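Residue numbers (the working numbering), protein chains in the order written: chain A, 37 to 264; chain P, 37 to 264.
Worth flagging that the hints you see were computed from the coordinates, not collected in a lab.
Any given hint could be a false lead.
Identical copies look the same in the list; a pair holds intra-copy or inter-copy alike.
What the hints assert, rightly or not - No more than 16 angstroms apart at the CA atoms, straight line, and that leaves these computed lysine to aspartate or glutamate pairs for EDC-like: (1) K227 - D148; (2) K222 - E212; (3) K112 - E146; (4) K72 - D148; (5) K88 - D63; (6) K222 - D55; (7) K112 - E39; (8) K227 - D214; (9) K112 - D148; (10) K227 - D213; (11) K112 - D63; (12) K112 - E242; (13) K112 - E149; (14) K227 - E209; (15) K129 - E224; (16) K112 - E212; (17) K227 - D216.
Note that the structure is predicted; figures quoted are calculated from it, not measured.
2 protein chains.
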Amino acid sequence: MGENIGATARAMANFGLSDLRLINPRDGWPNLHAEKMSSGAFDHIPQPQIYKSLLDASHDCHMLLATTARRRDMVKPVLTPQEAAEKTHICMKHDERVGFVFGAERTGLENDEIALCDSIINIPTDPAFSSLNLAQAVLLVVSQISAVPDFPPEPRAKDSPLADKETVFGFLERLEDDLDKAAFFKSEGLKPTMVRNIQNIFTRAELTEQEVRTLHGILTSLTSKLRP
Amino acid sequence: MGENIGATARAMANFGLSDLRLINPRDGWPNLHAEKMSSGAFDHIPQPQIYKSLLDASHDCHMLLATTARRRDMVKPVLTPQEAAEKTHICMKHDERVGFVFGAERTGLENDEIALCDSIINIPTDPAFSSLNLAQAVLLVVSQISAVPDFPPEPRAKDSPLADKETVFGFLERLEDDLDKAAFFKSEGLKPTMVRNIQNIFTRAELTEQEVRTLHGILTSLTSKLRP
């Protein structure tokens with residue numbers, strides 16, 4: 037389907053991939069639906085090359101990864117998109133080219149095509165509702181290929197549980213109210229920006245329940261001193 | 037847009053999420069376009085709840101993550117979808133609820149909404165072609181949330197470079213040819229399946245150039261003995 041080719045080109049351009057190879061596109065090439073769905077991606081990546089078979093299309097690749105559901109009749113290693121991305125990055129360090137093979141929307145890949153591939157990429161979805169559109173599958177795979185993690189995540193450092201938003205927003209409302217009463221906002225025009233900046237301070241803080249209680253205590257102390 | 041709500045519901049159902057909350061949906065609710073784009077997802081997840089503001093919609097959440105482009109005017113931690121997923125899984129272990137906040141297709145999130153969120157999720161895309169559709173952004177985030185890696189990737193174990201596909205397929209063709217000559221295939225009907233099984237053996241092996249040379253050597257030896 038032209039639409040899927042266009043959406044595929046868009047996803048590739050979004051994540052810095054450019055070498056799109058089409059095997060016997062059903063609706064011919066070039067294709068108006070593809071152009072429309074691409075949102076201009078074909079101005080950013082080279083025109084796709086057309087091939088007659090996977091064998092032709094993959095001649096200069098060193099590894100072929102087939103995106104398909106788990107197949108009981110094919111004995112192949114099965115990778116998640118993330119594992120496929122890790123494998124790809126290892127290959128790239130060895131100057132080896134990896135081809136990602138996707139089948140047509142309704143029919144998927146044929147057994148003859150899967151047999152030529154080194155491994156299967158399986159996107160783990162809820163078995164009760166597993167149907168992914170072709171271009172969505174491409175998006176999930178190419179976004180992983182381009183994803184390079186920068187630093188490990190922070191573990192939760194605090195002992196007290198996080199405050200829920202009702203608690204945090206309740207504090208922010210009280211704070212704004214108290215600041216109003218204290219004539220903190222010199223200008224009505226600047227107030228929205230100032231309120232937002234204050235909100236940013238406290239929502240960024242990942243406040244615990246204990247910390248919100250502490251902040252309320254601070255406010256109570258401060259306002260009772262201002263207006264005894 | 038109804039279409040984006042439907043595609044969002046589909047992506048959520050694909051990855052096992054179910055709590056969809058809509059804030060002032062432009063086209064009202066329920067919506068025919070949403071139904072159509074959902075591919076039946078609303079049979080798998082509860083009907084979305086409608087809210088008047090992010091404040092209402094997030095009252096029982098403990099963490100809010102806003103998906104938006106990097107904002108110079110907002111001082112917030114910026115997470116990749118993968119980091120957001122790791123943060124989410126930590127929260128879930130503490131029985132804390134995480135809300136993922138997405139803005140409308142054209143206008144995105146407003147500053148007042150971002151200010152209420154703890155962190156920003158930024159999907160790293162090619163700056164030269166960065167535009168993601170709303171439902172695509174949802175898909176990339178929710179697929180990460182559900183992604184739980186099973187085991188670490190294997191490092192490359194072999195010294196010789198991987199053979200390219202031309203080399204591997206060249207060997208497979210020669211092998212099939214030799215097997216034909218040796219009357220290996222007893223039945224033409226079973227031959228395609230047998231060929232595929234053989235292909236599976238050799239494509240699964242991630243053959244190096246040296247290994248393919250070795251295999252050619254083996255074939256040469258074997259066939260010269262068969263027909264001297």
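These are the hints, each one checked on the structure:
Taking the shortest Cα distances, K227 and D148 sit within 16 angstroms of each other only across copies (12 angstroms), while inside one copy they are farther apart (67 angstroms). In the homo-oligomer, the alpha carbons of K222 and E212 lie at most 16 angstroms apart inside one protomer (13 angstroms), although the nearest pairing across protomers, at 86 angstroms, exceeds that limit. Proximity of K112 and E146 under a CA criterion of 16 angstroms is satisfied intra-copy only: 15 angstroms inside one chain copy versus 47 angstroms between copies. Neither within a single protomer nor between protomers do K72 and D148 lie at most 16 angstroms apart by alpha-carbon distance, with minima of 32 angstroms and 34 angstroms respectively.
For the homomeric pair K88 and D63, the shortest alpha-carbon distance inside one copy (14 angstroms) is at most 16 angstroms, but the shortest distance between copies (45 angstroms) is not. Proximity of K222 to D55 under the C-alpha cut-off of 16 angstroms is found in neither arrangement, the shortest distances being 58 angstroms within a copy and 42 angstroms between copies. For the identical chains of this complex, K112 and E39 are neighbours neither inside a copy (30 angstroms) nor across copies (37 angstroms), given an alpha-carbon limit of 16 angstroms. Taking the shortest alpha-carbon separations for K227 and D214, only the intra-copy value of 14 angstroms comes in at or below 16 angstroms, while the best inter-copy value is 83 angstroms.
Only within a single protomer do K112 and D148 lie at most 16 angstroms apart by alpha-carbon distance; the minimum there is 13 angstroms, versus 50 angstroms between protomers. Taking the shortest alpha-carbon separations for K227 and D213, only the intra-copy value of 12 angstroms comes in at or below 16 angstroms, while the best inter-copy value is 81 angstroms. For the identical chains of this complex, K112 and D63 are neighbours neither inside a copy (31 angstroms) nor across copies (47 angstroms), given an alpha-carbon limit of 16 angstroms. When the C-alpha separation of K112 and E242 is checked against a cutoff of 16 angstroms, the pair qualifies only between copies, where the shortest distance is 11 angstroms, while the shortest distance within a copy is 45 angstroms.
In this assembly of identical chains, K112 and E149 lie within 16 angstroms of each other by CA distance solely inside one copy; the values are 13 angstroms within and 47 angstroms between copies. Only within a single protomer do K227 and E209 lie at most 16 angstroms apart by alpha-carbon distance; the minimum there is 14 angstroms, versus 76 angstroms between protomers. Taking the closest pair of Cα atoms, K129 and E224 never come within 16 angstroms of each other, the shortest separation being 58 angstroms inside a single copy and 43 angstroms across copies. Taking identical chains as interchangeable, the C-alpha atoms of K112 and E212 are never at most 16 angstroms apart, the minima being 61 angstroms within one chain and 21 angstroms between chains.
In this homomeric assembly, K227 and D216 come within 16 angstroms of each other (Cα to Cα) only inside a single copy, at 10 angstroms, whereas the closest approach across copies is 84 angstroms.
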